[in-house]
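Student: Fit chain A to the known structure of chain H by using the hints.
Number of protein chains: 2
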Amino acid sequence: MTRRQLHLNAFLMNTGHHEASWRLPESDPYAHVDLAHYVRLARIAERGTFDSLFLADGPQLWSSAGQRPAGALEPITLLTALATATEHIGLIATASTSYNSPYNLARKFATLDHLSAGRAGWNIVTTAGAEAARNFGLDAEPAHAERYARAAEFLDVALKLWDSWEDDAIVADKAAGVWGDDAKIHPPRHRGRFFSVEGALNVPRTPQGYPLLVQAGSSEDGKRFAARYAEAVFTAQQTVEDARAFYADLKARAVAAGRDADHIKVLPGIVPVIGSTEAEARANERVLEDHIVHAHGVDRLERLLHLDPGTLDLDGPLPADLPPESAIEGAKSRYTLVVELARRERLTVRQLIGRLGGGRGHLTFAGTPDQVADTIGLWFESGAADGFNIMPAVLPSGLETFVDHVVPILRTRGLLRTEYGDHHRTLRERYGLPRPANQHVIAPALV
Amino acid sequence: MTRRQLHLNAFLMNTGHHEASWRLPESDPYAHVDLAHYVRLARIAERGTFDSLFLADGPQLWSSAGQRPAGALEPITLLTALATATEHIGLIATASTSYNSPYNLARKFATLDHLSAGRAGWNIVTTAGAEAARNFGLDAEPAHAERYARAAEFLDVALKLWDSWEDDAIVADKAAGVWGDDAKIHPPRHRGRFFSVEGALNVPRTPQGYPLLVQAGSSEDGKRFAARYAEAVFTAQQTVEDARAFYADLKARAVAAGRDADHIKVLPGIVPVIGSTEAEARANERVLEDHIVHAHGVDRLERLLHLDPGTLDLDGPLPADLPPESAIEGAKSRYTLVVELARRERLTVRQLIGRLGGGRGHLTFAGTPDQVADTIGLWFESGAADGFNIMPAVLPSGLETFVDHVVPILRTRGLLRTEYGDHHRTLRERYGLPRPANQHVIAPALV
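Just so you know, the sequences run in chain order H and A. Here the working numbering is used: the first residue of the first sequence is 681, the next is one more, and so on. Here the working numbering is used: the first residue of the second sequence is 681, the next is one more, and so on.
Among the clues, some could well be false.
[As the list claims (entries may be wrong)] Computed spacing ranges between beta-carbons, pair by pair:
(1) A:765 to H:854: 47 to 57 Å
(2) A:820 to H:862: 35 to 45 Å
(3) H:854 to A:1117: 47 to 57 Å
(4) A:851 to H:1000: 33 to 43 Å
(5) A:960 to H:855: 18 to 28 Å
(6) H:925 to A:847: 19 to 29 Å
(7) H:1004 to A:820: 46 to 56 Å
It should be emphasised that the hints constitute simulated quantities derived from the structure, not laboratory data. Here the structure is a predicted model, which means the values were calculated and not measured. Don't be surprised by glycine CBs; every beta carbon is placed ideally from N, CA and C.
Bound-form chain H, shown alone (with noise of 0.2 Å):
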């Protein structure tokens, strides 16, 4: 019997996931716009055998342009770039479903699942915020509900599309003189809510019927939207306990939605810095938190949690009569995991600062490489996870060192792959997921 192993996703992010990394010295605050940069991430990732990479995103410019690098490249076209620079390695792009529309969503999904033969995966979010509804003519953003109710149509219309060509509708018979069968072709007619969509993609069937599908969102609306429909789960849980129960919550929920519970992976977010010793990895974290500006911190800590400018102070502890998670519009569990923390550990908000600044409230983990890979271990083990999303907080530098270092270890104990294989070649079958039957063919059983 094969042992159960881990999936590694590279979360990459600029210069690394901690907000001080672009003053670093090895940092180069023009890596967000180099080509150069992703491809080198990119490599390291598939030289440690992670399972996929991922782009964060949403359509709009954060606050200000002092505080960090600002801005990103579209994740669609980067990940194109870097299908090319690697041969094995997942691509999951980031994509709203309020901000696009079905037809041109699908389309680029299916073009990049072709041009990786079988790589892509959508990481589906429903864009929290103001300031990316202003870029689409909306004044104000759409209620959660209303963005997850959309996110719900938009699903089932992207799949409609997605299995729109049957797999064998090319017949390429070149002496008849006939080179697609019409009759496998389905438009999906869809009238809905929030979309009408008439026509066939103009695209055929790709190597993974469509992409991994990805959500990240753990408010309820995001558990019932991802129970129904992500293949995989990316998830900022501070302690075993707490990710031990968003799992078998989440688990639970995909199988009564009538899934199976292996087909729905959950990986909680780790920012792993790594030392030789664990004074080592302490020192490097310190390095960091001494490069915050901690005016910027306080000033997004105030948007996050909807106060007025000025009421935080940097040395007191969070207000008591902060409103409850339900009157909140945006991103609602990551409110609730911010104020948790800052309770639970009793942080002043230069504290919870210096903790966010690592990780916007992942796990951050400062210790040696045999540390990281016990925890990661007593999680995978222990029923909280089955892989991590791996958050550098240093890039390329802490990425290189995750896959020199604790990656090896991982590998010893035979908690991770030591190389592809050619069994697997799509990001559905590394993620042991089936390639999805069409909606529009009866199983051969059933006929």
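Tutor: Showing chain A alone in chain H's frame:
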């Protein structure tokens, strides 16, 4: 003084521009979703020191997959993959102003321009046809004039977005902890008839400032639009006299709009069918014609001419009582060109289908390499063209023959560069166009 030289664009299309090309023994019927096919074409064009390559597009599946390869990879995505497989050649993607939002599309082109180090071009189309409209929530296509009004506002917004970062907005002061200068980032705050776009693009200004702007509609609306925005124009012209008139008219319109006549390059399309002798070229042409399925051609022609199915007689002329161009809401200039071609040359429907099967209204020319070079030289020297849109009937062989046999003649005659050279790096530079100033920066001489 440097001699004026040709601009050559390779118009790539599946297995070739001839509708029957996919039926030839050499053709791969799955080529249109095969990255290797396009990489091969791009490298052939780069060996021929072409300025650029180009992909047409429409966000819909055309009528029937029975007739010929249907569907296409999304062009921006495909060209991004080709950017990494080439070094010099420009990459022009078609995208619709009717079925995209300015923020997303401006961002994708900015991303491609960064990733390709300044080789991105945008062929701006308004997208005719109800099929496309019905994939985006509309029941019918918007009126021609309405589509062009939206296109003009789309361009204004896109230009604001591409200029929203000044070139020196990134400060990268690590010591002070200041990455960007917010005073040099300018949100468009656009509120117009078709679009509201508040925020700055989340991509810094690109190597070219913005992609080369290309246009191909030759209707009255199309020419007005081209005179205002286009830096290169693709056009279908059947005779050198028509091409000369079109060329003079477009340059005059550009000058009237306050632009330099040299900053709008006119490239007629040509479908060269090449043989080592005239007889061989004709034979090559005949092989293609013999593979046409005429029923398909009748069907397409009836749709183009807005006739009921079954109206046309394969061996008779076009009906005498066709409506004028002004009554057509679709592809106006294509309609007129086809009707005039049939009448001028007194073609039967069968003959017309043969002519259109090769180039869809573009100049089809069967001859020896010298004859092809002569025609190109004649049009180029007599005020009919600044270069050509090369549309091989069969791909890759037609492009290979052109590069191996016509390109050397053009070089010997001093009409085409022999190498790319280091002084022209971006697509806009190759087309002899200046890098546009940022609209937020006052020219130094005026300060």
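Student: Just to be sure I understand the hint, the distance between the Cβ atoms of residue 925 of chain H and residue 847 of chain A should be within 19 to 29 Å; is that true here?
Tutor: violated, 51 Å
Student: For residue 1004 of chain H and residue 820 of chain A, compare the CB-CB distance with the range 46 to 56 Å and indicate the outcome.
Tutor: Since residue 1004 of chain H and residue 820 of chain A have Cβ atoms about 48 Å apart, the given range 46 to 56 Å holds.
Student: Looking only at beta-carbon atoms, does the pair residue 765 of chain A, residue 854 of chain H fall within the given range of 47 to 57 Å?
Tutor: Because 28 Å falls outside the window, the suggested range is violated.
Student: Can you tell me whether the CB distance of residue 851 of chain A to residue 1000 of chain H sits inside 33 to 43 Å?
Tutor: holds, 39 Å
Student: Between residue 854 of chain H and residue 1117 of chain A, does the C-beta distance stay in 47 to 57 Å?
Tutor: With Cβ atoms ~53 Å apart, the hint holds.
Student: Do the Cβ positions of residue 960 of chain A and residue 855 of chain H conform to the proposed distance bound of 18 to 28 Å?
Tutor: holds, 25 Å
Student: Does the hinted range 35 to 45 Å hold for residue 820 of chain A and residue 862 of chain H at CB?
Tutor: violated, 23 Å
Violated hints for the displayed structure, listed by number in ascending order: 1, 2 and 6.
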